[in-house]
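The listed protein sequences derive, respectively, from chains A and B.
Each residue of the first sequence is one higher than the last, beginning at 23 in our numbering.
Each residue of the second sequence is one higher than the last, beginning at 23 in our numbering.
It is worth saying that the hints were derived from the structure and are not from the lab.
Errors might be hidden in some of the hints.
The list that follows gives simulated cross-link-like pairs (lysine-lysine, BS3-like), each with its CA atoms no further than 30 angstroms apart [as the list claims (entries may be wrong)]: (1) K254(A) x K202(B); (2) K319(B) x K202(A); (3) K124(B) x K44(B).
Footprint (simulated), chain B over chain A, 3 or more residues, beta carbon under 8 angstroms [as the list claims (entries may be wrong)]: (4) 59-67; (5) 272-278.
Positions of the beta carbon are idealized from the N, C-alpha and C atoms, including for glycine.
These are the residues of each chain, in order.
Number of protein chains: 2
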Amino acid sequence: MKNYTIGVDLGGTKIAVGIVNKENKLIDKGSVPTFSERGFAPIMKDMGELINSLLNKNNILIEECEYVGIGSPGLTNTETGYMTDNANLHWTNVPMRTELQKYIPLPIHIDNDANVAAWAEYKLGCGKGTKNFVAVTLGTGVGSGVVINNTLYSGSHRAGAELGHMLFEKDGYLCGCGKKGCVEKYCSASAIIFKTKELLATGKYNDSVLALINSDILSARDVIDASKQGDKLALDVFIWYVDNLALFVTSIFNIFDPDVIALGGGVANAGEYLLAPLHEKIKDYLLIENVPYAKVKIAEMGNDAGIFGAALIGK
Amino acid sequence: MKNYTIGVDLGGTKIAVGIVNKENKLIDKGSVPTFSERGFAPIMKDMGELINSLLNKNNILIEECEYVGIGSPGLTNTETGYMTDNANLHWTNVPMRTELQKYIPLPIHIDNDANVAAWAEYKLGCGKGTKNFVAVTLGTGVGSGVVINNTLYSGSHRAGAELGHMLFEKDGYLCGCGKKGCVEKYCSASAIIFKTKELLATGKYNDSVLALINSDILSARDVIDASKQGDKLALDVFIWYVDNLALFVTSIFNIFDPDVIALGGGVANAGEYLLAPLHEKIKDYLLIENVPYAKVKIAEMGNDAGIFGAALIGK
Chain A
23 MKNYTIGVDL
33 GGTKIAVGIV
43 NKENKLIDKG
53 SVPTFSERGF
63 APIMKDMGEL
73 INSLLNKNNI
83 LIEECEYVGI
93 GSPGLTNTET
103 GYMTDNANLH
113 WTNVPMRTEL
123 QKYIPLPIHI
133 DNDANVAAWA
143 EYKLGCGKGT
153 KNFVAVTLGT
163 GVGSGVVINN
173 TLYSGSHRAG
183 AELGHMLFEK
193 DGYLCGCGKK
203 GCVEKYCSAS
213 AIIFKTKELL
223 ATGKYNDSVL
233 ALINSDILSA
243 RDVIDASKQG
253 DKLALDVFIW
263 YVDNLALFVT
273 SIFNIFDPDV
283 IALGGGVANA
293 GEYLLAPLHE
303 KIKDYLLIEN
313 VPYAKVKIAE
323 MGNDAGIFGA
333 ALIGK
Chain B
23 MKNYTIGVDL
33 GGTKIAVGIV
43 NKENKLIDKG
53 SVPTFSERGF
63 APIMKDMGEL
73 INSLLNKNNI
83 LIEECEYVGI
93 GSPGLTNTET
103 GYMTDNANLH
113 WTNVPMRTEL
123 QKYIPLPIHI
133 DNDANVAAWA
143 EYKLGCGKGT
153 KNFVAVTLGT
163 GVGSGVVINN
173 TLYSGSHRAG
183 AELGHMLFEK
193 DGYLCGCGKK
203 GCVEKYCSAS
213 AIIFKTKELL
223 ATGKYNDSVL
233 ALINSDILSA
243 RDVIDASKQG
253 DKLALDVFIW
263 YVDNLALFVT
273 SIFNIFDPDV
283 IALGGGVANA
293 GEYLLAPLHE
303 KIKDYLLIEN
313 VPYAKVKIAE
323 MGNDAGIFGA
333 ALIGK
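Use the sequences and the hints to build the structure in full.
Take a look at the structure:
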């Protein structure tokens, strides 16, 4: 009996593996550091060994497992099992499937990490029961995954659903991708930090509590916390950010008109404190009145979204 | 034998009807003025009579027809056959299907006019053979239709695929929809006219040939023609416009990553004169190098796209 699936969340700093049973419960999980500078083969070997040791520890035979799902950064090819491009790991066209099968003789499914996290949220989290669903991650960048007609969508060349790089402001802030004005420069956690520093540099907010924090360690959470205390700078940044997010969300309405939009990542930890003003602001930007647009919710799957999504990617 | 389908292109100024055979050839077409101020019932009666007279003229029996497809402006509900909202015709929640069936006892399919035009382009025009396809119309506004996995996509509440109202520039030009900075204000034919007038008003282009044209009748074609003659103002506007369109197209790459993007509407009549610099500019804005992004093409279906798309909407 194939009672289990294995999910792998491959990141730049760690490889996390989890075993999920037929009831979608996480049986056990473990992780090892990626040491990404080692290159492809030793990392895949560690991944294989971590899977095998986790199976052994839980007395699960490889024959009891249906497949391994890998959520990987970069551009992946679901059909061939190759990762075709990855900026963080500096891998190009590596055969992830066949390399892992040297250690784990199971079917291997591969998808992009943002897709995999969205899939977890769609199958088990706040996207459960929807048909069309968009998950965005408000972290260092803005990640996204899109489910259309109950299927993950990533376009004809697997380069779609990159909503963080939609245009947000023509001739706006320069993005790491080389283009100016991407959504990511306005809606990520990094955008909150960037805007805070920009406003601090004007010299108009010298009495802000945020001026006392070393700018190298200033976080989006610091800014959101300070805004709760009524700090003027923090509030100005927060209002700017909520406005941006409302514009981004309504663009998603106009593009995908999904059932639910899930907000995840660091900024989404603010929960209702973010959602309440966001819902208010969204009303200003609706294209059509009296249409029941998507519900905007906080993602529920947390840190294990990558493992769960990878483990469920074949379902 | 059901050898024919009937396509209706309902517009604010005319109702156009065409009969299409099994080989996707247009047998005949006709039109009557809409006289939109008359309201719903008399317009649907004229639509029914136009269909019947066109069938009679071509000696086609109603029994030989499979269905009628209607491409309608506004928000339509494919399932119920209602048009739920339309700003131009001032109709709200009208039962188009049952009303037309008073005159034409056939199945009636209804969809949005932009979707229907995209469907024609997908089935018979430059989107033929694709799986994922986006058509945008660069006219008075920016219309759009999206085909995903060989199916028209318009979202969970039929409010999606409105790419003309994606954000293009935060705090940008005020759009007719009430929001600032929509794509439509930068990429429509109207945007070309608007920008030309804005630059004329600066007083820096008084020697432009466009300064001699009555501003009430200035058209996007006038501007494009003048740019071909080397007129400085027209060239500045054209370069601005091509840059906008490149940013819009690359946003579509990042969102949908389709096989083909079709450009239709008045501006697209410029053909290669528009496409050549557009292709050059797009290269500056690509997110991932070495990915074969969508082909950007000029739409092929012309003025009959609405009729063809409606006639093929059930296929």
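Outcome of the hint check:
no.: 1; hint: K254(A) x K202(B); verdict: 26 angstroms, holds
no.: 2; hint: K319(B) x K202(A); verdict: 25 angstroms, holds
no.: 3; hint: K124(B) x K44(B); verdict: 26 angstroms, holds
no.: 4; hint: 59-67; verdict: violated (count 0)
no.: 5; hint: 272-278; verdict: holds (count 6)
The structure is inconsistent with hint 4 alone, although it conforms to all the rest.
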